[in-house]
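Two chains, each in its own frame: build the complex with the hints.
From first to last, the protein sequence lines are chains A and B. In case it helps, this note's numbering puts the first sequence at residues 1 to 111. In case it helps, this note's numbering puts the second sequence at residues 1001 to 1113.
Treat the hints with care, as some may be off.
Derived, one-sided and incomplete: chain B residues facing chain A with beta-carbon distance under 10 Å [as the list claims (entries may be wrong)]:
hint, residue
1, 1004
2, 1006
3, 1035
4, 1041
5, 1043
6, 1044
7, 1090
8, 1101
9, 1102
10, 1104
11, 1106
12, 1107
Calculated directly from the structure, the hints in this document are not laboratory data. No experiment lies behind these values; they were computed from the predicted model shown. Using N, Cα and C, we set each Cβ at its ideal position, and we do this for glycine too.
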Amino acid sequence: DAKTTQPTSMDCAEGRAANLPCNHSTISGNEYVYWYRQIHSQGPQYIIHGLKNNETNEMASLIITEDRKSSTLILPHATLRDTAVYYCIVRRTGTASKLTFGTGTRLQVTL
Amino acid sequence: ETGVTQSPTHLIKTRGQQVTLRCSSQSGHNTVSWYQQALGQGPQFIFQYYREEENGRGNFPPRFSGLQFPNYSSELNVNALELDDSALYLCASSSTSENTEAFFGQGTRLTVV
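Same shape as in the complex, but just chain B (with noise of 0.2 Å):
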């Protein structure tokens, strides 16, 4: 248990649609990540929170998008949904102390059909 949390377990989604996926990091923590990770593939980083703004962004195109709130929880928001996105997301909190570890969440398995 790492008390990094992520709803839903498990979601299937349209193409065309739009999907929130939500997060709830470790108590203490004050930096969230989001990754996403396809079939047979590591996990890739798409954008990090700070006191809730974003400081950090992978290669992805805008239409995926955050938000941090004030207790540090957090939603990854996709638009426009792919096929190509059908993917595990996974949530990582941390502290903004140096070579900290991170700690993910479960993850959330979409299907985009």
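Chain A with its partners taken away, still in its complex shape (with noise of 0.2 Å):
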């Protein structure tokens, strides 16, 4: 699985877009980017997954640059309940639940 980048800690205040940035340069064709994210103790909870296409849900956007070679997931209006551990992870298809986590962005929002 190919390898990711993101930065080690960001900041948002509460109301604004949470912009949390991935770099994975070496990502394969068959690959995809999946956003995960870890509350203090709790299990990653599953955010958003795309392939080359923008992709929104209720929670998220995200964003792959049109080489594919880097994301954005954007959260429109962070709430401190969004302050966590954003994992960006490459995963193939086919290979259901075998996920490659990196250290993550700590995302801390304030008032």
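Structure, rendered in structure tokens:
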């Protein structure tokens, strides 16, 4: 699975959009970009995933560059409950739940 | 709530002992994976089970073993516990459909003393 690079930490004011970047320059054509987050001492929570098109769900939006070498997770209106570690993961199709986690980005949402 | 439940939530064991952790998968999911998360690090893949057979393993020694049962529940067994085995152990279940997401339980916090 391709390696990802994320900033160690980011801050965001409550109510503002949080934009979390991820680099995955060695991504292959059959690899998806997944985002999970982990709130302190809980299990990781799935957020969103995509292949090459931008995706949006009730939690977030995922923007993938045209060359697929990087992506951005957008939380449109961050709240204090969005404070967590966010993991960007690249995963091959057909490998089900095998996920390779890095160290993620610690997002701190403040008042 | 993900529908994945793990037990126990916390556990303290002595070095050299054996431990069994349990996971109940989400309904309809036939694949289960186990992860170890040391303090301050991301989860590390231990192994995956599909239809009661191991079909993928991370860089963990043989003293880490598992079982998956016909109802798709699962166990993680660790023999000869070491202090470094202290961690949060996470179970994740999924279906075998491609590009599906995995759902995680809340984990079991194991402390080895």
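Hints, one by one, checked against the model:
With its C-beta approaching chain A no nearer than about 8 Å, residue 1004 (chain B) sits inside the 10 Å limit, and its interface hint holds. This hint holds: residue 1006 (chain B) has a C-beta 8 Å from the nearest C-beta of chain A, less than the 10 Å allowed. Because the closest C-beta pair between residue 1035 (chain B) and chain A is about 8 Å apart, less than 10 Å, the hint holds. At its closest, the beta carbon of residue 1041 (chain B) sits 7 Å from a beta carbon of chain A; the interface hint therefore holds under the 10 Å criterion.
Proximity of residue 1043 (chain B) to chain A holds as hinted, the smallest CB-CB distance being about 5 Å (cut-off 10 Å). Of the supplied interface hints, the one on residue 1044 (chain B) holds, with its beta-carbon coming within about 7 Å of a beta-carbon of chain A, less than 10 Å. About 5 Å separates the beta-carbon of residue 1090 (chain B) from the nearest beta-carbon of chain A, less than 10 Å, and the hint is met. With its C-beta approaching chain A no nearer than about 4 Å, residue 1101 (chain B) sits inside the 10 Å limit, and its interface hint holds.
The closest approach between the C-beta of residue 1102 (chain B) and any C-beta of chain A is roughly 4 Å, which is under the 10 Å cut-off, so the hint is satisfied. A least Cβ separation of about 3 Å between residue 1104 (chain B) and chain A falls short of the 10 Å threshold, and the interface hint therefore holds. Because the smallest distance between the Cβ of residue 1106 (chain B) and any Cβ of chain A comes to about 5 Å, under 10 Å, the interface hint for this residue holds. The closest approach between the C-beta of residue 1107 (chain B) and any C-beta of chain A is roughly 5 Å, which is under the 10 Å cut-off, so the hint is satisfied.
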